[in-house]
Amino acid sequence: MIVENTTSPESVGMSSERLARIEPAMQGWIHRGTITGASMIVARRNRIVYRGEIGQMDKEAGIPMSDDTIFRIYSMTKPIVCAALMTLYEEGYFQLTTPIAKFIPALGRLKVLRQEQSGAREEALLSPITVGDLMKHTAGFTYDMEDDSKVAEGYRQARLTHDGGRTLEQYVDTLARFPLAHQPGSIWRYSVSIDVAAHLIQILTDHPLGDVLQARIFGPLGMEDTGFFVPENKLSRCAAMYGAADIAALDMTASKMLDATESGVWKRLDVNDSYPASRPDTFARGGHGLFSTTSDYMRFALMLLGNGALEGARILGRKTAQLMHVNHLPDELLPFEDAGITYDGYGFGLGSRTMMDVGVAGIPGSVGEFGWAGAASTYYWVDPAEALVGVFMTQYQGMKEPDKDFRVLAYQAISD
Numbered sequence: 001m002i003v004e005n006t007t008s009p010e011s012v013g014m015s016s017e018r019l020a021r022i023e024p025a026m027q028g029w030i031h032r033g034t035i036t037g038a039s040m041i042v043a044r045r046n047r048i049v050y051r052g053e054i055g056q057m058d059k060e061a062g063i064p065m066s067d068d069t070i071f072r073i074y075s076m077t078k079p080i081v082c083a084a085l086m087t088l089y090e091e092g093y094f095q096l097t098t099p100i101a102k103f104i105p106a107l108g109r110l111k112v113l114r115q116e117q118s119g120a121r122e123e124a125l126l127s128p129i130t131v132g133d134l135m136k137h138t139a140g141f142t143y144d145m146e147d148d149s150k151v152a153e154g155y156r157q158a159r160l161t162h163d164g165g166r167t168l169e170q171y172v173d174t175l176a177r178f179p180l181a182h183q184p185g186s187i188w189r190y191s192v193s194i195d196v197a198a199h200l201i202q203i204l205t206d207h208p209l210g211d212v213l214q215a216r217i218f219g220p221l222g223m224e225d226t227g228f229f230v231p232e233n234k235l236s237r238c239a240a241m242y243g244a245a246d247i248a249a250l251d252m253t254a255s256k257m258l259d260a261t262e263s264g265v266w267k268r269l270d271v272n273d274s275y276p277a278s279r280p281d282t283f284a285r286g287g288h289g290l291f292s293t294t295s296d297y298m299r300f301a302l303m304l305l306g307n308g309a310l311e312g313a314r315i316l317g318r319k320t321a322q323l324m325h326v327n328h329l330p331d332e333l334l335p336f337e338d339a340g341i342t343y344d345g346y347g348f349g350l351g352s353r354t355m356m357d358v359g360v361a362g363i364p365g366s367v368g369e370f371g372w373a374g375a376a377s378t379y380y381w382v383d384p385a386e387a388l389v390g391v392f393m394t395q396y397q398g399m400k401e402p403d404k405d406f407r408v409l410a411y412q413a414i415s416d
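Okay, so the sequence shown: first residue is 1 according to full-length UniProt numbering, each after it adds one.
These aren't lab readings, by the way, just hints derived from the structure by calculation. Treat the hints with care, as some may be off.
[Stated by the list, open to error] Keeping only pairs whose Cα atoms sit at most 25 Å apart, straight-line, the calculated DSS-like set for lysine-lysine is:
hint : residue 1 : residue 2
1    : K319      : K59
2    : K59       : K404
3    : K404      : K256
4    : K267      : K256
5    : K400      : K267
6    : K59       : K111
7    : K59       : K400
8    : K267      : K404
[Unchecked claim] Distance windows between CB atoms, simulated:
hint : residue 1 : residue 2 : range
9    : V358      : R121      : 38 to 48 Å
10   : V408      : K102      : 39 to 49 Å
11   : S8        : D173      : 48 to 58 Å
This one's a predicted model, so the numbers in the text were calculated from it and none came from an experiment. Positions of the beta carbon are idealized from the N, C-alpha and C atoms, including for glycine.
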């Protein structure tokens, strides 16, 4: 569904002249060879003030970017899955402090692999993994691409993220064979924990994850092009992937991705093994896996701006939506860091970063702004104080960040 409700930018306190700066600035990323194209939307006060498609969705075929191009959104899957899980929270299935072992007993028997200079040893859990830990990345898991982690090395050897042929249940069963990398609650570590949260959704509802998301999120919001697979009649709309390296490649680590980016590696990437478009019977994940469009994701983001509701469809209660987007991390876990990037000025809620100090963050925004990004440089933010929402989609894997320029360009156009 294409987002409607476009309006004159000036009617909602935005400058048309300043919004016109977005396209030439983002074209620069194409000219420099980082991205082949992008799809971008800015909304204020529930009205679309800017929409732009630039470049190509498939460079080799010469296919231009369009307003219905479908993207692999990687970790922008996470906020959607967390929203779905919180609809079950509202129905009384769990508290944030409920141990996950209540629903997945194998995760209550995990050990923690403590790495020391003298070697590695396993130790018992000091506290249980909670449902809240899963959404705020304090459960103790890690990701395959983490450097210098024996647990991550085990994930890579098991092809945990690379193998898109596993069902979600099989994925979590495989994960349960490995110890945790950290004690629950002791550190913020970006991880596979949202995949566990996704499996919890399946357990609680007794339905496949994709069906639950369709019933609770996509259907009510009119997100017609979002899901874990792309129907055959829509495959021609899928954007090709480019960049330094596939983040889910068998031997990929964060340092290797950085090295490839800095050495100027840029190529077309085949990601179908780890992120298949045509395996509707098996492929679903919580931490990545969804396909979507800028229009669809804008509808999800506008629902969050509306404290859980959009155009008469209420997904979450107001207080639940607000609970998700305040900081849940204690001071000793701040600032949090991922792949060498420190998120100064930000805390973390239930599936999303949240702005705590604009000056420390060093980027335009407001206290309470929240959002997240995906490994292929997709990005969104919601700023309740300014009623400003932005969605940026491209398909570039690497350590460069075109989305930050898009965000600055959107904020500088505020005129009231």
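Results for each hint:
1. K319 with K59: Judged against 25 Å, a Cα distance of about 45 Å means the pair is violated.
2. K59 with K404: Given pair K59, K404 holds - Cα atoms ~23 Å apart, limit 25 Å.
3. K404 with K256: 23 Å, holds
4. K267 with K256: At roughly 15 Å apart (the allowed maximum being 25 Å), K256 and K267 satisfy the hint.
5. K400 with K267: Given pair K400, K267 holds - Cα atoms ~15 Å apart, limit 25 Å.
6. K59 with K111: 47 Å, violated
7. K59 with K400: 19 Å, holds
8. K267 with K404: 22 Å, holds
9. V358 with R121: 38 to 48 Å: Because 43 Å falls inside the window, the suggested range holds.
10. V408 with K102: 39 to 49 Å: For K102 against V408, whose Cβ atoms are near 45 Å apart, the range 39 to 49 Å holds.
11. S8 with D173: 48 to 58 Å: Check passed, 54 Å falls within 48 to 58 Å.
Of the numbered hints listed earlier, those contradicted by the structure are 1, 6.
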